[in-house]
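Participant: Chain residues, written in single-letter form:
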Amino acid sequence: MGLANAIEIDDLKRTFTRRAPNALARLFTRRRTGTGTNADGGSGAGADSSAEAGPNAAGLANNAKRPNSLVAVDSISFDIRAGEIFGLLGPNGAGKTTTIKMLCTLLEPTSGTARVAGFDIVREPARVRASLGTVLSGERSLYWKLTGRENLDYFAALYDVEPSTAHRRIDDLLTRFELTDKASELVERYSTGMRQRLSIARALLANPPVLLLDEPTAGLDPQSARNLRDVVRKLRDEGHTVLLTTHYMAEADELSDRIAIIDHGRVIALDTPTALKEHIQQLHSVEVEIDRAPDGILDELHSLPLVRGVECVQSSNGHETWTIRVLTENSRQTLDALLDLLRAEGERVLNLRVAEPTLEDVFIALTGKSLRD
Amino acid sequence: MVDRFRTWLRRQFRVIGAISRKDFLIFLRYPANAVMSVVEPIMWLVPTYFMGLGFSVNGEAVGFAGFTGTSDYFSFAMLGMFMSSYISAAFWGMGFSVQEDMTLGVLEPNWVTPASRVSLILGRSVIMLLLTTINSIVVLAMGAVLFRVNLTGNVLAAVITVLPMLIALTGLGLGIAGVVLSVRRAGTAIDISNWAVTQLSGATFPVSVLPRPLLAVALALPTTYGFDAVRSILLGTKTMLPLKAEIGIMLASMVGMCAAGYAVFKAFERRCRRQGLLGTH
Ligand SMILES: Nc1ncnc2c1ncn2[C@@H]1O[C@H](COP(=O)(O)OP(=O)(O)O)[C@@H](O)[C@H]1O
Ligand SMILES: [Mg+2]
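Chains A and B, in that order, are what the protein sequence lines are.
With the first letter of the first sequence counted as 1, position 67 gets the number 67 in the working numbering; the numbers rise by one all the way through.
With the first letter of the second sequence counted as 1, position 10 gets the number 10 in the working numbering; the numbers rise by one all the way through.
No lab work stands behind these hints: they were computed from the structure.
We put the beta carbon where it would ideally sit given N, CA and C, even for glycine.
A couple of the hints might just be wrong.
Per label pair, the in silico range of CB-to-CB distance [as the list claims (entries may be wrong)]:
| # | chain 1 | residue 1 | chain 2 | residue 2 | range |
| --- | --- | --- | --- | --- | --- |
| 1 | A | SER164 | B | PHE5 | 16 to 24 Å |
| 2 | A | ARG233 | B | ASP3 | 37 to 45 Å |
| 3 | B | ASN33 | A | SER164 | 51 to 59 Å |
| 4 | A | ASP171 | B | ILE26 | 21 to 29 Å |
| 5 | B | ARG10 | A | ASP230 | 33 to 41 Å |
| 6 | B | LEU130 | A | GLY239 | 40 to 48 Å |
Only chain B is shown next, with the shape it has when bound in the complex (with noise of 0.2 Å):
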């Protein structure tokens, strides 16, 4: 029994490892990915910096600082983007990448293999992952540099802290990749709901600043929690709950995600095997 799950398990690695390395290969094959990765979102930095500047006084932003017990605005949208990122990954990675391989005609040569549909879908989710804490890194160093970003929280804490974020995220692309399964063109929904999300989380302002109902749909998103323990942890900003409690709701939500996200995956799946794959026909 054991046995079996330790073969099992050492072949879903197999193929996640495989997926990565020609996802990575298929990367560097495109080198206008790689540079664009890095100046995007310079591009989005910068007046991102200026606008801070703009509202601030002596180099705090003082109204700012009202809402979230920190007057460096751009080291907070900073951390927002870098957070962020991982949004994207989820939301294009996963269900993106279900489009892409559809329209380019590799799904079904990779769905008539004996892998785990499951599996193959998880894999594609690791390159862009890792892409993007690399990218990030980047940024955050070159932000450290030319605009004097100063993290003076415990970095390990914070990344355990987003850890559940991370996996709950991939649940969700899990569901989103079922979901672009049986809708054939999802790029525009992909970028709006992407955006929705990203931006309901607090990305750039504190979601506290939000009109009533938005912000009832920012608390319901456990990513709001994510950004919210990050920035405590790193830029020392309040918690709109106590950080143990922010902690157990994205503990919970992974699980939750985690269920839902493959649910919905197997029943699309399924859906697609039942109807015919829209993408191919």
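With the rest of the complex left out, here is chain A (with noise of 0.2 Å):
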């Protein structure tokens, strides 16, 4: 492609609007009886759908209250070199999807703008879509009730693969994703991990130079999430950029070259992985078990000097115990402290462990909080 950069974002920015349900969709919308007319329960949505709730009278008052406009991505700058895997990592709702949807041209940035493969994004969206293979989450994504092949057939029509070509371009890509035995079934068949294998051949039928990827690895099984990984470092390794989002601290740690953390719509910290650790290598984080939820030492914790960041999950192998993490500039003034604060408290504390500092950790450092709050 002959350019350092792949893509180049400058400034880009984004605002939803907030309206009272708009006057078009409220005349045309046959509204059902009772609550929730929003079933489909997207993700993030919540904050949204409480306004088509409801009959129409409350709809429009609770309206008036709410703030009219949100920021989803909040004046984004930073450039994606040819050839590098590029990570977007962010909690739900941080904008990583919005960033996805502005440079596959599904959306327009309020203000901003970004090049694609050296193409402007506003100006010249045929041109960025012809240079991108997206993938969005969701495995409603691919027709259902056509076969593997239909739909790498159909697709490869839409993104003007050359015809005399297509058909083996479309057996390449069936056999490296190993979908050459499934090809002829019907796609309601597969597996979540064989449909996102699907959706990512898809994306690489016109050979794009840059891949965006939308949380691939959301909803798979640890086993096909390692398989697409590895898929993904081999895009890479072959010349493709990739830009891939995910809220799992670990696979951005794991796949990327450089991580860009966003919160709120921003980016708090852009580095490589290895340097984003480094520049809390100072840091500790100390994690203690408990056998209850902490009610109000986390704040108590938050306020000990020293302390950078505190957070609390529930252990997920069935157990009633909680693990509180907290990320400090001295584990041992901490630790004394931390366990006179549980020990008021009357908490049991089943285990103790003092450990190097983990992206997740950097993540609360500059945060303050976790990345799954």
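Two chains, each in its own frame: build the complex with the hints.
Facilitator: Take a look at the structure:
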């Protein structure tokens, strides 16, 4: 491609206006009785759905009180170099999907701009799309009533793959993603992992220089997720530039050449995983496991001197235990204070550990909160 | 220049062809679809037949003949239905297909490809129009055998006459698709407008029986003239305006509707990019 930067993002901003459910929509929509018009339960839509639920009058009244605009992506600027895997890491609602949707021209920026493979996303959207393979999240993005091969056949025409070579290209992709055996089966019979592989195969049909992957491993079992990460690395090795979003620290750490940490629409850190971790190398994380949910003490811990962040997670192994992680500049001092506090509250300590910082800790140090919040 | 246009045109046809193929494959995978599309019109035709019979004296609907110049109510209604299925194809084939794609989650994967979004919408109408045509011919043939419909006129002339109307309806469909993009659940609205346009164009009765205000609306619909013209060619009914004038109106509305439909679609598509697709959030 010859360009040093595959993607250049310049002061990109996107706000969503929360209108009263628009007049046109209200006129045309058959309102179901009872509450909950929005049965979709989409991610991060929580705040929005209340506007459309319930009877008209209440909807309008609520609406007047709520802030009328939300900044989903707040003036971000960075470049993604050709040939790298760039991870956009952040919690739900951080603005990752919105960024991807602007880059693939589904959404217009409110202000600012970006270039993909040298083309402006606002002025040259068709060229941008021709340089991109985009995989949005959600396994419903394929035609379930078509076979895997039929799906690829269809999209090959849309991606303008030369008809004479399309057939071979599809065969290659099916082989590469281990879908050849299932190529003639309807996608509705595929597993989640197979659907995700087919979606990536689709994005590769036109062999685009740049790939956008929105949460590619979400919903996959650990084995499929690992395989998928291998796939992403191979794509990079073949010369594709990959922008992927994730809210898994470990994934961003393992895969990315560089990471931008995004929170509330802002990039709060951008560097290689190693540099990001070095940045807080002087920090330590203290983990204590206790047998009930800690109520008041998290705030108290937060206000201790030298403490940079606190998070608490319930154990995922089915036991009723909670782990508090405290990120501190001095583990010894904090350890004492922490144990005192726990004892005073009558908590029983089941386990105690002082650990090296992880990327997760970088996030906690930067934002004072956990990724999972 | 010419070469680039040709390449561009070939691309659009390829996209529309791929969509048609895909839609047809999916259509075949729901066998109930195929059965219903033949059974449904017959379910509708049978009562019409007996209704027409009920109002007839010696097989001639005399009162009806006063309005239309033919005493064969059943053939009149059947042709009306034949053509109103094209109105449905415009409303449902394009308008509703956008909503369907949004609910299924396949709209965005289509829209992130370099294919033109107008072509992506237009493509959805092809199979619907084709199936409608095949379907109508089957029903017409059955009608001819079971209910002795006799079409005397020149079928080719009738087809050429309604062609502008079909193109106009495609333009309308594009506009409807645009509206649907920003209205989350448009099923009811599509249903009602489809029904209103069909009825006011005179699918089952001569519009001249309508009260004045409704007649005014009817006369503003190009489909009214399409129905009228085709019936006059095939059944020998008398037209409301001279046939040439009706064809002129249809040609003008073809240009108008296509331009308006395109503009409306573009406006809503832009709006969608500005505000976010409602259906997917
Ligand atoms: N179409 C939309 N309309 C209104 N608000 C939206 C829309 N899309 C996203 N948002 C809001 O923008 C914020 C960022 O969302 P998103 O980019 O999906 O985050 P992420 O992908 O990082 O989880 C969220 O608060 C979300 O509710
Ligand atoms: Mg997201």
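Participant: Look at each hint and say if it fits the structure.
Facilitator: Here's how the hints hold up against the structure:
1. SER164/A <-> PHE5/B: 16 to 24 Å: holds (22 Å)
2. ARG233/A <-> ASP3/B: 37 to 45 Å: holds (42 Å)
3. ASN33/B <-> SER164/A: 51 to 59 Å: violated (34 Å)
4. ASP171/A <-> ILE26/B: 21 to 29 Å: The hinted range 21 to 29 Å holds for ASP171/A and ILE26/B, with Cβ atoms some 23 Å apart.
5. ARG10/B <-> ASP230/A: 33 to 41 Å: Because 39 Å falls inside the window, the suggested range holds.
6. LEU130/B <-> GLY239/A: 40 to 48 Å: Check passed, 43 Å falls within 40 to 48 Å.
When each numbered hint is compared with the structure, a violation occurs for hint 3 only.
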